[in-house]
Amino acid sequence: MRLLTHNFLRSNVKGTENGYPLNIEVTTINCEDSPLDKSFLLNLLPKVNYPALRTAVQQISQHCVPPLKEIPEQLDVSDKESNQNLDHETLKNLHRVLFDVYLIEGWLVCPDTGRKFPVKDGIPNMILHEDEI
Amino acid sequence: MSNANSSESYLLLVEFVHKHLDFHDAELQSILDMHGIVVGTDCHFLPLPNSDTDTTADGDRGSFQNHSTTSKSKSNSNKRPFRILSFAWKSIGSKYAVCDEDPDSDAASPTRNGGSNDTVNLITALARCTLVRSVMELWGAGPSIDDCATSIRMGSSLRRHREGRHLRRRNIGNTKQNDSTPIKPYPERTWKITIHTLGSTYTRQEQNEMRSKFSFLQFPGPVQMKHPDDEYLFIREVELDAMGGAVYPRHCKGDDGKTKKELIPENDARPPLACYFGRVLGNGTLGRNWRGSNRLFRYSLKKRTYLGPTSMDSELSLIMTNLAQVRKGSFAFDPFVGTGSILLAAALRGARAFGTDIDLRVLRGRSSTENIVSNFKQYDLPPPELVRSDNSIYQRHFRKHLPLFDAIVTDPPYGIRAGARKSGSRRGDGEARPIAEEFRYDHVAQTRPYAVSDVMADLLNVAAMTLVMGGRLTYVIPSMLDFDAEEDLPRHDCLRVVSVCYQPLQTELGRRTVTMEKVKDYDERRREEYLEGTWVNGPQSAEKVANIRERLMEAARKKPGYEEKAAWRKQKRKETKEAKKRAKLEGVGRVAVDSECRHANDDDGRD
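Going down the list, the protein sequences come from chains A and B.
Here this note's numbering is used: position 111 in the first sequence is 111, and no number is missing along the way.
Here this note's numbering is used: position 367 in the second sequence is 367, and no number is missing along the way.
Derived by calculation from the structure, the hints in this document are not laboratory data.
Any given hint could turn out to be false.
To be verified - As a list, the in silico EDC-like pairs of lysine to aspartate or glutamate whose alpha-carbon atoms are at most 16 Å apart:
#: 1; chain 1: B; residue 1: 400; chain 2: A; residue 2: 17
#: 2; chain 1: A; residue 1: 47; chain 2: A; residue 2: 76
#: 3; chain 1: B; residue 1: 377; chain 2: A; residue 2: 33
#: 4; chain 1: B; residue 1: 377; chain 2: A; residue 2: 32
#: 5; chain 1: A; residue 1: 120; chain 2: B; residue 2: 359
#: 6; chain 1: B; residue 1: 422; chain 2: A; residue 2: 131
#: 7; chain 1: A; residue 1: 14; chain 2: A; residue 2: 105
#: 8; chain 1: B; residue 1: 328; chain 2: A; residue 2: 37
No experiment lies behind these values; they were computed from the predicted model shown.
In isolation and in its complexed conformation, chain B is listed as follows (with noise of 0.2 Å):
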């Protein structure tokens, strides 16, 4: 750790997931952007040790990469799971504090205007982070095991530890804790050591010899391997390629695919990239344990009482609220509603739920015990307010008004699995035959469909208009190969691109999660200029995201065993509306809610 004046500096070690990989910054930044945390002036980023195998590692200027580029998606497998955050150590205790009680309790629940003067528990703000895997306090690091342990010697935590001033409670300000449970003091604290070896597996033997390295910190406490009330652990750290498996793997496989005890010697031999020592922080509630589960399983959407093919999945959701910086007490408005699955996500985390839709159907849900309403009620939230509304006619359904919304979080119907529609006649010269006076009520308003390059530029201004100034909107934009970043998103004068993050789908097929912020007010008297000037590239970029229906299926059809899988599908398809059929006579209904889950996005609970 050369760049760090170790004795002035506070070292936190942050290990990410292995999945969303080109969201970790993005996530990480605006968490501690919502709190009031500068890098440059309150934190640094420091470089990984061999770190010049990984450019988006080395300090601050390299940490942020906002824009991803199709190829980004190759680089992402070589990117490493840690970031090392440095505090000065004046500021802990005094403007941060590290305090491991519940990291649910909004201690450092952040305001709106130049960040709250109450002190700021890091472990809160860092557990908010859905990609963060484990947070520790950094003892030491090298390339090896031994740089790891002289590390330590040459810095002072150890002595920090010793004096225990992790064991000092921190008043901070609006905490509900009180301080009546008693603290155990150093030397009757129980302790372990957890070795956790990335990609590889290594003998009880052989971890113990890990542990027997770092003897010289000689804790007084007894050893307890469950429950115990200091932590620490050793991280072994390796090349892992895009799955999450090691580059180089320490065993071969045999025959059957699983690992065999046979060790590659020359693997086994390489040097690691880099190994770790510290004190694990939050208490074992932070981030995820080691089999890649938290306590988001809690939101997944296999327990939602209303599904749909459009719900997403709960662990984007929970991201893109916090690319949104959503707070407790935001205004948080979703103009494509659908299932409401992004908009509980943002009533989960404290925000008054706004959200619109042009259709009915799904407003309303299947049932009075089936509806956006009804999955609120399951997580005990206020229930949203709901409006069937046509967002390409905002202003024509809404009163002007002053900025509104803190945040604007939408997965707009880009015509795959939902098409979009917006309200006017379907005929083709937009003339409309009057309606009857008395059958206006029961009239269903026709509409016809809305071109996603409108959908996205009505989105933007709407957000221009109704979002406070620093608001944010987040949306999520289905990019196929040829779409460049850099040109062919959406702009708006008054918005401002703050990260873009990939996620790829399918070979062909991937999408973006963009935030953007509001930086400039909105101006009613540049309204066409500004619905102009959406596309950079004018049609071109339009048309990229206009037809990824048409284009998918077009891909598929050129695919071999195309004829074969279509007609496998339809048999599927016939079978499973007889079984449906079938089971209604029956008198079992929930057949039919299942085989819609299927359709869902949801990876919850895999890591």
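Just chain A, same shape as in the assembly (with noise of 0.2 Å):
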């Protein structure tokens, strides 16, 4: 699962609201490079979460070798004109941590109910279950 991917998923427990952003716990975790495409990540960001992303970032960067580079500590994604000035080295910050770490196994919790959701293989377990719905 990429942090691109962490940045939409949400918790709704029984209709509980304040389930977003999840928080990542960490067992294992991968980092695979990837070429720059600027064009989708421009076209990407006005949808990001960005203090989401930050928080996200925070939290698995001390288990990433080498360790993930510090992405700005304030960014309004919403502005397309601002996105285009945007410097190269940002970009490729911004690239590495939406699309190149991969959490292979842990969990996401729902910050308001503790609910742990699973990640396993890459691939995180958000069905609800029938006493949650």
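Two chains, two separate frames, one set of hints: put the complex together.
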């Protein structure tokens, strides 16, 4: 599971509204470099929740070898104009955290109810149990 | 070619393969549209010679029939496999190029917003059509070979060719090709004329007589049958039947079903439907060669490491990506990803792939070397994103987000080979016993049956919610004979139907590939209204897709010989099971995989 996916996942156990963003508990993590796809990234950025991304990076960073480079503390990604003007280094780092880091084994934890969703073989299991619907 | 002012137009003849007949125009139209080529403005469809026998090929108006009804499958057998596309001559070399360089290169990769300013290489664009057999620069056409030759003399294609127009390198802005390979000048170029006679065979001598009609072209270079620099093509078209054979075959069939050498004089004397002559484009890499295979064989299911009974055959998957206009950099989504066969096709087009499914076993595959990700690795593609989630409650798994996907391509479960499930208790009242915390993480979530009508309603609503404006949803829906595409297709206020293509499967059953485009923004407040408006004919239409499995079994039971067949099948299953058991004991584990492969839909390699 890439951090890109994590950015969109939430917990809605019995309708709780504060199930986003999910906290990440890492068991196994993997990094695989891929070439920067600038136009795709710029297209995607306005849809990303940036604070959630930054929190996620902080939660997993110590498990990564080599450690992840810093991404800016604050970024208003909704502004397409300013996204265009981001420097190459920042774009590369954003690309890396969004696309190149894979959580293979771990847990995604609801910040509200504490419900843990397992991640196995890189696939998060978000299915709600019948008493959580 | 009465409608063309030939000296001012550039004509292309597109030939389709004889399968998926109902998809030909929809796929071609989708590809043209994707490259910003507007039919009626940038190009026109011209009627074929003798086109009064076929209303589906008479110009722009008749060319695209978007909604097929059940009777269409009969009229398809009269559909001719050719289309003539006409471009303004002055647009060639400026807005459009016709370059024989590798069609795999994305020299014409179109951007989503308003097309690209770069020159579009028509060959690269047309090479994307899975159903195109060949494309040629059309020099002449007519209802007979002599008319065809005359029309060449009257046109300007020959003059332009002699001037070496096709030899000038078009400068495509973003091409990766360098210009270092020298082009042979026209007088030295080797050439040959290929004779393509649909549905009939002619002797070498007869073919040479046809060739002699074109000796006035006087190509200066030497003839070379293998890999010539330029290949010219003469096509003799006759009426074809549903199987792709001639309606009036030239030779009679012997008792063994094979064609004998005896001519049927009346048939032999029949005039052809049309004759075409021109220069073959794509350098032998575009479309398919005469044996019907093409580069697509690389993607055949037979070569996949991970397959299941519901894997979509690679040809239809690729066609679906064309209908959905998946391109490099698209974000493609399959909410019922299964074994990932459709998602793989999207990734092959350069898209980023995202798939969800409620079935964990199919997502994880059979082992670490036999799963969706290993299939992607097999083709050197980056791994897809996979999530186990329930599409009926998409908005509970995913936060509210801006429209994200450029294309949604999927084959929803409609209960024939795989039943649809959704989360929740199996108990009738929907109430569930609470699960104690200590059992929570080993608990296997219960799922309950998910009616097909709801599957479709949810699918359309998720599409309306998550597609970007102008994004496309392409899905497959089974339909029996009573299905009326006009009335029974599911609808959504934010989505417009672009095309419906019918594929017959059995006598009683076919499937339709439906493509819809998002034309209106999604309004969360109207959610209930959207869902309720899915089936225009209400429960009636929903019923038609809901119980197909039961209805098929009903119909099969009524047929004579059913009892015997059922008993035979039971016996066969028993034998296979025992063979598997024995093989397992002997340690030969792969037998299990092969017998499942038998069920996968796969007709690659056969034309």
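**Q.** Pair hint residue 120 (chain A) and residue 359 (chain B), alpha-carbon separation not exceeding 16 Å
**A.** Distance of about 14 Å is within 16 Å: holds.
Q) Are the Cα atoms of residue 14 (chain A) and residue 105 (chain A) separated by 16 Å or less? A) Violated - the C-alpha atoms of residue 105 (chain A) and residue 14 (chain A) are around 26 Å apart, more than 16 Å.
Q: Given the hint that residue 377 (chain B) pairs with residue 32 (chain A), test it: the Cα-Cα distance must not exceed 16 Å.
A: With Cα atoms ~13 Å apart, residue 377 (chain B) and residue 32 (chain A) stay inside 16 Å; holds.
(Q) For residue 328 (chain B) and residue 37 (chain A), compute the direct alpha-carbon distance and say whether it is at most 16 Å. (A) Answer holds: residue 328 (chain B) to residue 37 (chain A) is near 10 Å, not above 16 Å.
**Q.** 16 Å limit on alpha-carbon distance, applied to hinted pair residue 400 (chain B) and residue 17 (chain A)
**A.** holds, 11 Å
Q) Keeping to a limit of 16 Å between CA atoms, is the pair of residue 422 (chain B) and residue 131 (chain A) held or broken? A) The hint holds at about 14 Å.
Q) Is residue 377 (chain B) within 16 Å of residue 33 (chain A), Cα to Cα? A) holds, 15 Å
Q. Taking 16 Å as the top limit, are the C-alpha atoms of residue 47 (chain A) and residue 76 (chain A) close enough?
A. holds, 11 Å
Checked against the numbered hints listed earlier, the structure breaks hint 7 alone; every other hint is satisfied.
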